[in-house]
Every structure is written in structure tokens, then in C-alpha cells.
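**Q** As a plain string of letters, each chain reads:
Protein chains: 2
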Amino acid sequence: MSKRNDKIRLAAFNFSGMYSQGWRHPDVQSDGENDFDWQVTFARTAERGLFDMIFMADESSLARPISDRDMLSRLSSVAGFEPATLMAALAACTQHVGLVHTMSTTYEQPYYLARQLASIDKISKGRAGWNLVTSGNPNEAANFGVKGGTTLHADRYRRAAEFHHVVTGLWDSIEDDAFLLDKEGGRYLDPEKIHALAHEGEFFSVKGPLRGGRSPQGHPIIAQAGASGEGRDLGSRTADVVFCSTHFIEDAQAFYADMKQRTVAHGRQASDLKIFPGTSIVWGETQSQAEDRFDEISRLYPDEIALENITGAVQLDVSNYDLDGPFPDLPPTRGMQGHQRAISAFAKHNNLSIRQTAQRLASSSKHRVLVGTTQSIVDNLEEWFMGYAADGFVIMNPYRLRSLEDVVTHIVPELQRRGLFRTAYEGKTLRENLGLSRPESRFAATRAVRSPDVG
Amino acid sequence: MSKRNDKIRLAAFNFSGMYSQGWRHPDVQSDGENDFDWQVTFARTAERGLFDMIFMADESSLARPISDRDMLSRLSSVAGFEPATLMAALAACTQHVGLVHTMSTTYEQPYYLARQLASIDKISKGRAGWNLVTSGNPNEAANFGVKGGTTLHADRYRRAAEFHHVVTGLWDSIEDDAFLLDKEGGRYLDPEKIHALAHEGEFFSVKGPLRGGRSPQGHPIIAQAGASGEGRDLGSRTADVVFCSTHFIEDAQAFYADMKQRTVAHGRQASDLKIFPGTSIVWGETQSQAEDRFDEISRLYPDEIALENITGAVQLDVSNYDLDGPFPDLPPTRGMQGHQRAISAFAKHNNLSIRQTAQRLASSSKHRVLVGTTQSIVDNLEEWFMGYAADGFVIMNPYRLRSLEDVVTHIVPELQRRGLFRTAYEGKTLRENLGLSRPESRFAATRAVRSPDVG
Numbered sequence: 001m002s003k004r005n006d007k008i009r010l011a012a013f014n015f016s017g018m019y020s021q022g023w024r025h026p027d028v029q030s031d032g033e034n035d036f037d038w039q040v041t042f043a044r045t046a047e048r049g050l051f052d053m054i055f056m057a058d059e060s061s062l063a064r065p066i067s068d069r070d071m072l073s074r075l076s077s078v079a080g081f082e083p084a085t086l087m088a089a090l091a092a093c094t095q096h097v098g099l100v101h102t103m104s105t106t107y108e109q110p111y112y113l114a115r116q117l118a119s120i121d122k123i124s125k126g127r128a129g130w131n132l133v134t135s136g137n138p139n140e141a142a143n144f145g146v147k148g149g150t151t152l153h154a155d156r157y158r159r160a161a162e163f164h165h166v167v168t169g170l171w172d173s174i175e176d177d178a179f180l181l182d183k184e185g186g187r188y189l190d191p192e193k194i195h196a197l198a199h200e201g202e203f204f205s206v207k208g209p210l211r212g213g214r215s216p217q218g219h220p221i222i223a224q225a226g227a228s229g230e231g232r233d234l235g236s237r238t239a240d241v242v243f244c245s246t247h248f249i250e251d252a253q254a255f256y257a258d259m260k261q262r263t264v265a266h267g268r269q270a271s272d273l274k275i276f277p278g279t280s281i282v283w284g285e286t287q288s289q290a291e292d293r294f295d296e297i298s299r300l301y302p303d304e305i306a307l308e309n310i311t312g313a314v315q316l317d318v319s320n321y322d323l324d325g326p327f328p329d330l331p332p333t334r335g336m337q338g339h340q341r342a343i344s345a346f347a348k349h350n351n352l353s354i355r356q357t358a359q360r361l362a363s364s365s366k367h368r369v370l371v372g373t374t375q376s377i378v379d380n381l382e383e384w385f386m387g388y389a390a391d392g393f394v395i396m397n398p399y400r401l402r403s404l405e406d407v408v409t410h411i412v413p414e415l416q417r418r419g420l421f422r423t424a425y426e427g428k429t430l431r432e433n434l435g436l437s438r439p440e441s442r443f444a445a446t447r448a449v450r451s452p453d454v455g
Numbered sequence: 001m002s003k004r005n006d007k008i009r010l011a012a013f014n015f016s017g018m019y020s021q022g023w024r025h026p027d028v029q030s031d032g033e034n035d036f037d038w039q040v041t042f043a044r045t046a047e048r049g050l051f052d053m054i055f056m057a058d059e060s061s062l063a064r065p066i067s068d069r070d071m072l073s074r075l076s077s078v079a080g081f082e083p084a085t086l087m088a089a090l091a092a093c094t095q096h097v098g099l100v101h102t103m104s105t106t107y108e109q110p111y112y113l114a115r116q117l118a119s120i121d122k123i124s125k126g127r128a129g130w131n132l133v134t135s136g137n138p139n140e141a142a143n144f145g146v147k148g149g150t151t152l153h154a155d156r157y158r159r160a161a162e163f164h165h166v167v168t169g170l171w172d173s174i175e176d177d178a179f180l181l182d183k184e185g186g187r188y189l190d191p192e193k194i195h196a197l198a199h200e201g202e203f204f205s206v207k208g209p210l211r212g213g214r215s216p217q218g219h220p221i222i223a224q225a226g227a228s229g230e231g232r233d234l235g236s237r238t239a240d241v242v243f244c245s246t247h248f249i250e251d252a253q254a255f256y257a258d259m260k261q262r263t264v265a266h267g268r269q270a271s272d273l274k275i276f277p278g279t280s281i282v283w284g285e286t287q288s289q290a291e292d293r294f295d296e297i298s299r300l301y302p303d304e305i306a307l308e309n310i311t312g313a314v315q316l317d318v319s320n321y322d323l324d325g326p327f328p329d330l331p332p333t334r335g336m337q338g339h340q341r342a343i344s345a346f347a348k349h350n351n352l353s354i355r356q357t358a359q360r361l362a363s364s365s366k367h368r369v370l371v372g373t374t375q376s377i378v379d380n381l382e383e384w385f386m387g388y389a390a391d392g393f394v395i396m397n398p399y400r401l402r403s404l405e406d407v408v409t410h411i412v413p414e415l416q417r418r419g420l421f422r423t424a425y426e427g428k429t430l431r432e433n434l435g436l437s438r439p440e441s442r443f444a445a446t447r448a449v450r451s452p453d454v455g
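So the protein lines, in turn, are chains A and B.
The opening position of the first sequence corresponds to residue 1 in full-length UniProt numbering, with each subsequent residue numbered one higher.
The opening position of the second sequence corresponds to residue 1 in full-length UniProt numbering, with each subsequent residue numbered one higher.
If we strip away everything but chain A, and leave its shape as in the complex, we get (with noise of 0.2 Å):
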């Protein structure tokens, strides 16, 4: 195994509803979403495992329209913060780990969002990231008056990109050395050092500048996880921190080196984007430990939550196969074939029935899971970060806070004896953290080209 200079980074993941039915558990604070003091402990114990980043995802809905009574009733994704609000409370109590979280483009106005993540950027002092997503949701659509559904696929990411185009604009829009104060001459700031956008385009007219400023990251840090043409086109040419979903080595180390490359054609270093796939950790003091208690967790899911999980996995209705026989050969679907392709593997791998792999499945949210020992379950992760399968791991939380502890406790003291990741963070921002350099303004750059001789 060949030798990396880098380290391993890691985001604690944070999202209400995602793992539905981890409030039963026994020892989950079954409102803990819904609890501020609950969120500060979270993103506490983040911190105190020097993670880079605590994560948020985040839909503007319910997970589920109403009609879906008996359904609702069961799920936790009702509760929780908005997450600009919380990250930005989050900024005042914690003081190095950074604080991510999901705005819409298809939704949102690029003013408003750029503005409210420069000043989270500004109260956590360097720590802000913005989970840029399109939104094809119709639980959300139904929210802002977008009838019959979403936008096209095509026409979210023309928007999301025109967005992302406005939005660094506007923190470009007032230079990082704007602001004279000079109480003497009444100067408090270099009006040279103030640019408009101007930004005339398809979705959007932008005049500018940014009220506030400029902030301490320039841009506070870019996450995307979209897997498509587009998200992977979108990713690689905009984004810091791309997260995805995979469970085999093999599929990531393929997304990770398509990913690279689309870095390095869009004239970027492959290093300026990190690859964060998504694991779920339950640990255990022995094998058969974490076993049971992923067969706790697994219990937690009734039937109907997990079919239709794994339903919605592999774009079948499984209901007509024997759940409890072999998990069988499935016809090829249209569309999420790789999903359905690993499924149909780590079932067939582990030799799980469809219920099984449905609870599985349902108690690790879609993403893989390793069940397991301090020993092998840093293996693993060193296994892919060696084979440049990742640079880090979203850690997923199936028992929540508890889940976070145990790494915290086990798995984070391993990879540092193993020389796999940091005793302490690098940096005072969430970029320095990353090893990712500062932004400069656009504005500062074309200036500097315009005329050499002033500056």
C-alpha cells in the first residue's frame, strides 16, 4: 500500500429523519433533534474528536405529505432546526469544528443565501461550508408555489450552476482589504475595493455588492454530492467537498479517480477536492458485540419502513419475491442500476434475505455500514483511504450521539496512533483544516492583472 502525505478527514452527519427510526433506540434522547443543548453536545463531541466538519442536511418539507398518516406518525423528520439558524447559534459554542450544512438553488435567492453564509463564516470566525444541492423534491416544491411537481433535472443544475456563479461573485464583491476605519480622515472604507456584480443571466439579475463584507474564508467551503452528469460536472468544477454513497471499494476508487480527473480538466489540482463517502459505524468491544447491537438498531425498523427503503433502493416492488428466501437475481431497472448492483452484492455477499438486507439497509440509511471492531473497522477505513477510495468519511449515526461517541472514543484514538489523521486541528478555518488555500477575490485578481504598476 503505497504511502499518502495527507490525512484522513472526517464530518460527523447530522439530519433529522435520516436514520427514522433512531429515536427508539434505548439510549437516543428521543427528542434530541428538537433540543438546542442536544445540537451543542453533537457538534461538541465533533469537536472533541478534532472532526473537520459537522454536516447538516436538510429539505424544506416533511419527509412525507400528510396523507401519509400512519407513516408519519413514525418518523422523527418532522423535528428539528433550520440549519443557517443552527449553524450559526453552533458557531457560538464551539470554537474549531466546522459547520456545513444544505441550502437549496433551486429555492433560494443568491442573495439572501450568500449573505447569511458569509455572516455564519464571520460568527464562526472561518468555519462555514454550504452543502450546495438542487432541489427535486415535491414535498418541497409544494412549498414555494412550483406547481405539478419540480423543475427538469437539466434546469435545476443550469440554475444551481448560474447560482453558484452569483453567489461566489457577491463574496468576491467587496475586497478582503476594503475597510480603512480611518477616524481621523473619515475614511471607513476604500470605495476602489467595491465592485457590483452586475450578474444579467438566465435565472437570475444580481446587481451587488454583498452587504457585510467579505469573510474569513473568502468562500466559505463548497459541498456537493450530486451523482449524475450533472452533479459530477457541477462538483468537480465548483465544489471543495464532494460526498457520496458507495459500498463497495471498487465503485468508490472509480468515483474517486473520475472525480479527480474531472477536477484536473476543469484546470483545478486534483488535491482542491476532497472525496468524502458516506459510513456508518457501529462499533462494538467484540465482533459479536457490535453485531448484536446492529441487530438491535436493525429491529428498530418495522417491515413496511424497511421494503419500502430497499423499494425505493432498487427501483423494484420486492413485495412480490419471498422476503424471507435468497435475495433473488433482479430484473435490470431504469436508472440507479450501480445502486441496485451493489445491493443485490453486499445481500448476496452476506447471505441476507430481502427482509434482512431491507433492515439493514433502513438502519444504515442507504449508506454501508461497517459493523465491527476498533481493528477492523479503522482497516477499513484505511484500506480506502489508502487505496484512494476517499480522503475522508462522512460518519453516519445510526443510534445518533451515542453512535458519534463511539467513534469519538474508539475509532478516532486508532487512526491517530496509526498516523491517519490529526492530534489537533491545523488551522484556525475550516479550509486551512482541509488544506485547501484561500479564494482570492475575483475583483482583487482582475485588477491585478489590469494594472501592474499600481498594485
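Everything labelled a hint here was simulated from the structure, so no lab data went into it.
Some hints here could point you the wrong way.
You can't tell identical chains apart in this list, so a pair holds if it fits in one copy or across any two.
Unchecked claim - As a list, the in silico SDA-like pairs of lysine to any residue whose alpha-carbon atoms are at most 20 Å apart:
{"hint": "1", "residue 1": "183", "residue 2": "375"}
{"hint": "2", "residue 1": "348", "residue 2": "35"}
{"hint": "3", "residue 1": "125", "residue 2": "92"}
{"hint": "4", "residue 1": "147", "residue 2": "108"}
{"hint": "5", "residue 1": "183", "residue 2": "264"}
{"hint": "6", "residue 1": "147", "residue 2": "203"}
{"hint": "7", "residue 1": "147", "residue 2": "109"}
{"hint": "8", "residue 1": "7", "residue 2": "324"}
{"hint": "9", "residue 1": "183", "residue 2": "157"}
{"hint": "10", "residue 1": "183", "residue 2": "27"}
{"hint": "11", "residue 1": "428", "residue 2": "35"}
{"hint": "12", "residue 1": "3", "residue 2": "435"}
{"hint": "13", "residue 1": "125", "residue 2": "93"}
{"hint": "14", "residue 1": "125", "residue 2": "40"}
{"hint": "15", "residue 1": "125", "residue 2": "437"}
{"hint": "16", "residue 1": "428", "residue 2": "266"}
{"hint": "17", "residue 1": "183", "residue 2": "401"}
{"hint": "18", "residue 1": "7", "residue 2": "383"}
Given the coordinates of chain A, assemble chain B onto it according to the supplied hints.
**A** For chain B alone, kept in the frame of chain A given last:
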């Protein structure tokens, strides 16, 4: 003077750029607005003074187009934080003081706005408030793709009324007791307590319900400042707190009486709406020390800023008059006649020239200013309160934090000594401290009427 049963309420005003030259004052941290630690100190100072709330105004643009470079260079309005994120962060750094900020009904999406305010209310455990505004500023319009200036005044107010209806409906859409958290039965919530809003109106189509659940106050406090007919109508119908700018007690009493009358006409109690005139305080040990201090502040404002300010206030170009002669009789203008009359009367009462009046107005941000000792300032506040010109005051802070500290250190104790101000916070939420009842969810109210037998 008749006795009142209630007490004076206080709000501490914070708006980067409001006192556009305040940053030059020798006692002021020039980059305070941009410094989160300064913002925390400001909020904690208000809390030390047992203020009901801090109130953060906002605009989604710079105060000037960047073509006006010379003027722009002198103003601090470029700096500062986005208010929703700042209030969320301050919620984590304070325990009692209310946190009220401006968000616009003209460009925001009601779903986002409702969710962010509810989230801040949860983070602060019941201390959030929304200053509901419409945006008529063309600098803002240009940041949201609105070409050729802004939308019409009446359209903005119709939109604001519908926006308010949607936001409060979303706040009601998940009832207070919806969360069952029944681990054994696997029921996270009671689906009967969750309601679609299904709003279809002139401006918005919003299905709901609101992700996150009902917040501690039910509805975060709503503040408004509209003085036009439409503004007064909306405020008296929907607001808990109305901010206003009145220079003379007679004008304030007339406004107070009109707003209370309108409130009652809408079927509410007169005490459901609290009136807060803006009041700048410049304190001194002696009257002459206070006057010297005010002169020192006034001198920070260069002629062109001061004169431009008064030109805006009286809606006339005053540069055609002798700036250092006695304040002239100005011809009547279209609109803002009350304001012009008040300024003329103020100038003549104090024997001020146009230039002196302009400086005073600039350094008080067009609000009334009390320059005096503890006794004279508290006498005035008592007169306005007892005379039903005010239920409370928005304390403007012309030399920023130092201004607020003077009020907390000198004015608050004398108000307390006279029995006019609290000596401890009465309640846990902003609503409780303001003596306002907590609104029931409109859906719970409907069900109670429909099905009295099942409660």
C-alpha cells in the same frame, strides 16, 4: 398624571450604518459592527439592563449605490452581519433578552422566513421576534432581479398582509402537543396534530406544514414600523410592537391613540399592541457635559452628510437657503408634511440654523434626542409613558455601545427607583416579558370548536 399599571419597555437599537459617522467617535470601536464579540457585548449589555429586546434593522443592500463613491467611503453601512444568523448566534450567548430583527416580505419566501424565525425561537427558548417590513428601496430591488425600481406601495402592503397570513399559518401547522415520542409504540408524533396549510393566494402558494414544529412562543413577536395608512392598518391588525419616530409628545400621543383605536377596531385589546417611539439618549453628569457630548457627536457629521440628511427629511433642497441663518419657513411639500413640520418646530424651538439642525438630525438619525442628565432624561421618559405617548422606547445609540452603557448604568436604575421599570425579568420568553398572551394554533382552535366532545 394618572397612574399606569404596566411598566416601561425598552429595546436597544442596532443597525450598522444608522449612525453613519458614529464609528468615528473616540469611544467607539470603529469595526465593532463587523466584530461578533462586539455584537455579543452589545446584546449582553442590553440584557444587563433588563431590556425587553435588542432590535436589529436591516436592508439587503448597501445604503448607497457604489457610483456614489465619495459618500460610500464614509459610511459604516457596508459592514455588519446578516440579522437572522446573528440573532441565532446571540441566542446562544444570552439568556433573557429578546432578539428582534428585520426580514422583508417583498423578496423573501414565506416558508424560509417562517422556518428561520421559528428556529431562532427554539434556539433562544422563546425570545425571537420579526420586524416585518416591506422593501421600497431600489438598491435592494436590484439585488433581487426587480427591474426599474420597486413594486408599488399598495402592492407591497397587499403582499405583506398575505405573507403574514402564510407565515403565521405555517407557525400553527404543527400543534404544540404533536410530539408523542412513544418509543414502545413507535409513534413519534400524532398525525392528527399536523396540518397542511394549503394556502393559495394572490402572491403565494404554500402547502405546508412547516418542518420543525411549533416554537416556544407559538408565534415569535411581530414588530412593525409603517407610518402610512397601509402601514398603520397592517400594524394594528398584526403587530405586537410598533416602532415609530415622533419628535413631540402631542404627535406621539396622536399616533398612540390612533394605533390603539385601530387595534381595538380589529377586535384586539388595546394592550395587545405596544408603541415604542425611537429615542436617542445622550447622557451627561451635568447638562453642559451632555451638551458638549452631543456637540462632539454632531461634529462627526460633515456638512454634506448632514445637509443631505435634512434634505431627505424635509423633502426640499435646503442649499438655496442661508445655512447659518435662522431656520426658515419652508414651503409645504407633498408627503412627509408631519415630519417637515416637526423638524421646523424643533429648530425654531431651539434657535438652530439649518446647518445646526442638519447636524442634530444626522447625529440622532432623525429620531428625537434627549440630551441631559439622569433626572431630565427620566423625567421625559416618564412624561411620555404616563401621558400615553409610549408604552416603551427604542433606545437609539448614537455612539454605539458606549451610548447603551450610559443608559444601562444611569437611566435604568432611576427608572427602577421610580417604579417605572422591571427589577428582574418577569418571564422566560419575550412574549411573557412583554405581557402578551401566547397564541393558540389556529388549527387547534378550529378543532376545539368543531369537536367539543373530543376536546
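**Q** Does each hint fit the structure? Answer for all of them.
**A** Do the hints match the structure? See the list:
1. 183 <-> 375: Close neither inside one copy (61 Å) nor across copies (33 Å); limit 20 Å.
2. 348 <-> 35: Answer is neither; intra-copy 41 Å and inter-copy 57 Å both fail.
3. 125 <-> 92: both (10 Å within a copy, 16 Å between copies)
4. 147 <-> 108: Classified as both; 17 Å inside a copy, 19 Å across copies.
5. 183 <-> 264: For residue 183 and residue 264, neither the intra-copy (47 Å) nor the inter-copy (50 Å) Cα distance is at most 20 Å.
6. 147 <-> 203: both (18 Å within a copy, 14 Å between copies)
7. 147 <-> 109: Close inside one copy (19 Å) and across copies (16 Å); limit 20 Å.
8. 7 <-> 324: neither (43 Å within a copy, 71 Å between copies)
9. 183 <-> 157: Cα proximity of residue 183 and residue 157: none, with 47 Å in one copy and 41 Å across.
10. 183 <-> 27: between (57 Å within a copy, 11 Å between copies)
11. 428 <-> 35: between (28 Å within a copy, 17 Å between copies)
12. 3 <-> 435: within (18 Å within a copy, 66 Å between copies)
13. 125 <-> 93: Both ways: residue 125 and residue 93 sit 12 Å apart in one copy and 16 Å across, limit 20 Å.
14. 125 <-> 40: both (18 Å within a copy, 14 Å between copies)
15. 125 <-> 437: within (16 Å within a copy, 39 Å between copies)
16. 428 <-> 266: Intra 29 Å, inter 54 Å, cutoff 20 Å: neither.
17. 183 <-> 401: Result: close only across copies, 17 Å inter versus 50 Å intra.
18. 7 <-> 383: within (13 Å within a copy, 68 Å between copies)
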